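These are the residues of each chain, in order.
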Amino acid sequence: MRQLSRRAALAAGASGVALTVMGWSGKARAGVKEAADEVAKFTGGNTAAQGKITIELPEIAENGNTVPLTVSVNAPMDADNYVSDVMVVSEGNPNPGVITFHFTPLSGKAEAQTRIRLAATQNIVVVAKTSKGEFYTGQKQVKVTIGGCGG
Amino acid sequence: MAEKPRLKLPKEAKKGDVIEIKTLIPHVMLTGLTKDKDGKTIPRKIINKFACEFNGKPVFSATIEPAVAANPYLQFTAKVEESGTFKFSWTDDDGTVTTAEEQITVT
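Chains as they are written, first to last, in our numbering: chain U, 1 to 151; chain E, 1001 to 1107.
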């Protein structure tokens, strides 16, 4: 086989990178509506009250591939009244779902941290459900310099 | 395939303490949306579920979507009332379950 010239090798490498970067950008992104639908599925049509939720996200995420996210709900974690589920929804990723945390009274606190992918500058919406069927919501905008999937 | 998960939690605690648990499992978390250099879609392969239990009782779990970054990291808390064993499990899209255990002494 003919040996690859340096120029050809570089060109091949560059096109590979371009395609990888293009990954998500060509797809339709989940919008505000899809995010709202996802929330409605979770709440079963109940209204979620604003408040009780703290979302920690960097104001500007330079790299959307891994953005630290901390969610905490300021509510009791007693055996008969606790925060059972916390859903995180994206308004600007290809799919609205991000992660859902399931807590129990043994969790001690309704607080969890993870690292997420963000395709573009967008709002992150968090909805919490308590064992008594109450819903709380909160949201935070995050600016993304380089999308987590190109863009 | 799956590499060994990493866990960080105290070995000892006082009764009633809320301890912090940090977990990470090496995994590529392919979203199913990216394409390889021939333009073919790379199939989705992610860790879709994480669960933690203590002495057989559920403590915390998570339903994970492709929007969670590669090498999924999760940090959460647990209230400990007795000594025992934490069991952790990560479920892959292909059905593989990776498990890990950690003991804690509660005084």
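Do not rely on the hints blindly, as some may be mistaken.
Cut-off 16 Å, straight-line C-alpha distance, at most; resulting in silico cross-link-like pairs (EDC-like, lysine to aspartate or glutamate) [as the list claims (entries may be wrong)]:
#, chain 1, residue 1, chain 2, residue 2
1, U, 109, E, 1017
2, U, 109, E, 1020
3, E, 1022, E, 1053
4, E, 1079, E, 1053
5, U, 143, U, 59
6, E, 1045, E, 1081
7, E, 1079, U, 37
8, U, 109, E, 1081
9, E, 1087, E, 1020
10, U, 109, U, 62
11, E, 1049, U, 85
Label-pair restraints from in silico Cβ distances [claimed, not checked]:
#, chain 1, residue 1, chain 2, residue 2, range
12, U, 56, E, 1037, 34 to 44 Å
13, U, 50, E, 1095, 39 to 49 Å
14, E, 1041, U, 79, 28 to 38 Å
15, U, 47, E, 1038, 42 to 52 Å
16, U, 78, E, 1035, 41 to 51 Å
17, U, 141, E, 1095, 19 to 29 Å
18, U, 68, E, 1041, 24 to 34 Å
19, E, 1010, U, 70, 34 to 44 Å
20, E, 1020, U, 132, 18 to 28 Å
In case anyone wonders, no lab produced these hints; they're calculated from the structure.
Bear in mind the structure is a predicted one, so any value in this text is a computation, not a measurement.
Think of the CB as a built atom: it goes at the ideal place given N, C-alpha and C, for glycine as much as any other residue.
Here's how the hints hold up against the structure:
At most 16 Å may separate the alpha-carbon atoms for a hinted pair to count; residue 109 of chain U and residue 1017 of chain E meet this at roughly 11 Å. Between residue 109 of chain U and residue 1020 of chain E, the direct Cα distance comes to roughly 10 Å. Compliance with the 16 Å bound is thereby established for this hinted pair. Between residue 1022 of chain E and residue 1053 of chain E the CA atoms are separated by roughly 14 Å; this keeps the pair inside 16 Å, and the hint holds. For the suggested pair residue 1079 of chain E and residue 1053 of chain E, the alpha carbons sit about 11 Å apart, so the restraint of at most 16 Å is met.
For the hint linking residue 143 of chain U to residue 59 of chain U, the alpha-carbon distance of about 6 Å falls within 16 Å, and the restraint holds. Of the pairs offered as hints, the one joining residue 1045 of chain E and residue 1081 of chain E is violated, with about 37 Å between alpha carbons and a cut-off of 16 Å exceeded. For the proposed pair residue 1079 of chain E and residue 37 of chain U, the alpha carbon gap of about 34 Å is over 16 Å, so the pair is violated. The straight-line distance between the Cα atoms of residue 109 of chain U and residue 1081 of chain E is roughly 14 Å, inside the 16 Å bound, and the hint therefore holds.
Among the hinted pairs, residue 1087 of chain E with residue 1020 of chain E is consistent with the structure: their alpha-carbon atoms are about 15 Å apart, no more than 16 Å. The suggested pairing of residue 109 of chain U with residue 62 of chain U is violated, with an alpha-carbon distance near 30 Å, which exceeds 16 Å. Under the criterion of a C-alpha separation no larger than 16 Å, the hint pairing residue 1049 of chain E with residue 85 of chain U is consistent with the structure, at around 14 Å. A hinted range of 34 to 44 Å holds for the C-beta pair residue 56 of chain U and residue 1037 of chain E, which are about 37 Å apart.
The hinted range of 39 to 49 Å is satisfied by residue 50 of chain U and residue 1095 of chain E, whose Cβ atoms lie roughly 40 Å apart. The hint said 28 to 38 Å for the Cβ distance between residue 1041 of chain E and residue 79 of chain U, and at roughly 47 Å that hint is violated. For the hinted restraint 42 to 52 Å between residue 47 of chain U and residue 1038 of chain E, the CB-CB distance of approximately 48 Å keeps it satisfied. The hinted window of 41 to 51 Å between residue 78 of chain U and residue 1035 of chain E holds, with their beta carbons roughly 49 Å apart.
A hinted range of 19 to 29 Å for the beta carbons of residue 141 of chain U and residue 1095 of chain E is inconsistent with their spacing of about 38 Å. The supplied range of 24 to 34 Å is met by residue 68 of chain U and residue 1041 of chain E, whose beta-carbon atoms lie about 29 Å from each other. Hint check: residue 1010 of chain E to residue 70 of chain U, Cβ distance near 20 Å, so the stated range 34 to 44 Å is violated. A hinted range of 18 to 28 Å holds for the C-beta pair residue 1020 of chain E and residue 132 of chain U, which are about 27 Å apart.
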